[in-house]
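J.: Going line by line, the protein sequences match chains W and Z.
Residues in the first sequence are numbered from 1 upward in steps of one, following our numbering.
Residues in the second sequence are numbered from 1 upward in steps of one, following our numbering.
Everything labelled a hint here was simulated from the structure, so no lab data went into it.
Cβ atoms here follow ideal geometry from the backbone N, Cα and C, with glycine treated the same way.
Honestly, I wouldn't trust all of these hints.
[Said to hold, decoys possible] Facing chain Z, from chain W, some residues (calculated, C-beta under 7 Å): (1) Ile-12; (2) Ala-30; (3) Pro-33; (4) Tyr-64; (5) Leu-67; (6) Ala-93; (7) Ile-94; (8) Arg-95; (9) Gly-98; (10) Gln-118.
[What the hints assert, rightly or not] To spell it out: a stretch of chain Z is covered by chain W in this simulated footprint if at least three of its residues, at any positions, have a beta carbon under 8 Å from a beta carbon of chain W; those stretches are: (11) 60-73; (12) 238-250.
Chain residues, written in single-letter form:
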Amino acid sequence: MENNKYLREEIIRESGVNPKKCMKCGKCSATCPAYDEMEYHPHQFVSMVESGDIMPLLNSESLYKCLSCFACIERCPRGVEPAKLVEAVRLSAIRKQGENRMTANDVPALLDEEIPQQLLVSAFRKYSK
Amino acid sequence: MKVSYFPGCTLKNKAKDLDLYAYKSAEALGVTLEEIENWQCCGGVFTTSKKEVATKLSSVRALKEAASKEQPLVTVCSACHNVIKQTNHAMANDKEFSDKVNRYMADGEYSGEAEVYHYLEMLRDLVGFDALKEKVVNPLKGKKIAAYYGCLLLRPSGVMKMDDPENPSIMEDFIKALGAESVVYAMRNECCGGYVSVESPELAKKSSNNVVTNAKSQGAEMIITACPLCKYNLVKNGADIPVVYFTELLAEALGVKEDTNGK
Chain W
1 MENNKYLREE IIRESGVNPK KCMKCGKCSA TCPAYDEMEY HPHQFVSMVE SGDIMPLLNS
61 ESLYKCLSCF ACIERCPRGV EPAKLVEAVR LSAIRKQGEN RMTANDVPAL LDEEIPQQLL
121 VSAFRKYSK
Chain Z
1 MKVSYFPGCT LKNKAKDLDL YAYKSAEALG VTLEEIENWQ CCGGVFTTSK KEVATKLSSV
61 RALKEAASKE QPLVTVCSAC HNVIKQTNHA MANDKEFSDK VNRYMADGEY SGEAEVYHYL
121 EMLRDLVGFD ALKEKVVNPL KGKKIAAYYG CLLLRPSGVM KMDDPENPSI MEDFIKALGA
181 ESVVYAMRNE CCGGYVSVES PELAKKSSNN VVTNAKSQGA EMIITACPLC KYNLVKNGAD
241 IPVVYFTELL AEALGVKEDT NGK
C-alpha cells in the first residue's frame, strides 16, 4: 500500500493532472479512437490513478495503444487531461532498466520505402527511454 | 516579408514535396523563408511529462534564433508545429520548466518571445486569403477537396490557437481561396493512427479507413494534409483517392508547380 501511495504521487506530479476533478461522465473513453484495443480505458486511468491502483496500469498493453491524439484532453468538460496520465504511467513503465518497448535494433525491420522519419522518431520517443 | 523557417527531418527526406512547394509558393507570394541555421529535430512528439527537458531543447534553440531576428517562426509539418508551439507555450508559462531549459542555453535566456505560425496561419494571418486568391493563376475549379486536419494542428486548442478545434475552417478557406470546392466531413479532426502504426498496424488501418471512407461519402475526390505521418497512414492503408500535401496544391494553383519537377 505504501508503494502504491508513492506511485500515485509520482504519476500525479509527473503528469500535472488532478484526477479528483473528474466527474465520471465518460466522455474521454467515448471519444477515444483506441477504445476497442484498450484493456483499461481513459476514464479508468483517471479513476485507478486516483484510487492508487496503479500496478495493473503499469503492466497493461493499453499504455502502448494510446495514440496521443489529445481527443480526451480536448473534450473533457472538466479539464482532467487523461492522456497525460497514460503518458506518465507509460514513462514509469519504460524507464525501468531493460523495459524499453522499442530499441534501435527493432528499427530496421520496420522500414519500408515510404516510412516517414517523423513516424520512427515519434514511436521511439513514445516507446523508448 | 522575411520569416524564419523550420522544415524538420521528414521534409528533407520522405516529404520533400511538402518542403519544395512551400518554398516555391512562398516565393510567388512574396515571402522569403529563411531556414533556421543548424536546426535539429523538433523532438517528434511533445512529451507531456513535467520532467522531460532534453527532448525539447532543439525546439527552444530554433525559437530563440527566430526571436533574436525578430521574425515569426514558420513551420509546415504538423508534428513540428505542435511540438514547437507547445514548447514555446511552456517556456512562456511554466517557470520551473523554463528555468531548467535556460540552464542549457549558452547565450542568454529565452522565455517564449517568438511568434510561431503554421504555414497555413501564415497564409491566413500574414499574407491573407484574399491576397492569396488574387495571386492564383490556375484556379482549381470544380475539384472537390477534403481538408484533413488530424490531431496535431488543432489540439490542445488552448495552446495551438489555430482554429476552433471541433469546427475548424482554415483549411476549407484555403481550399476555397485556390478556387476549389471544400468538402466538410465529420472525421476531419480525428486521428489517422499516428505512430501506433508500428505497434498495432490494424488500429492505424481502422483509424485511417474511417477518415477516407467518411471523406469519400461526402463527395471528396482528393484529401489534403500538412502531416507526413497522416499521409503515410492514409496511403499505406489503402486510400483510393489522392492524398496530397497542401503545399503541392498551393503551388499548382499559383502556377509554380512545374518549376519544381525533376528537382
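J.: Hints first: check each against the structure and report whether it holds.
T.: Checked hints:
no.	hint	result
1	Ile-12	10 Å, violated
2	Ala-30	13 Å, violated
3	Pro-33	5 Å, holds
4	Tyr-64	5 Å, holds
5	Leu-67	5 Å, holds
6	Ala-93	13 Å, violated
7	Ile-94	12 Å, violated
8	Arg-95	10 Å, violated
9	Gly-98	19 Å, violated
10	Gln-118	4 Å, holds
11	60-73	violated (count 0)
12	238-250	violated (count 0)
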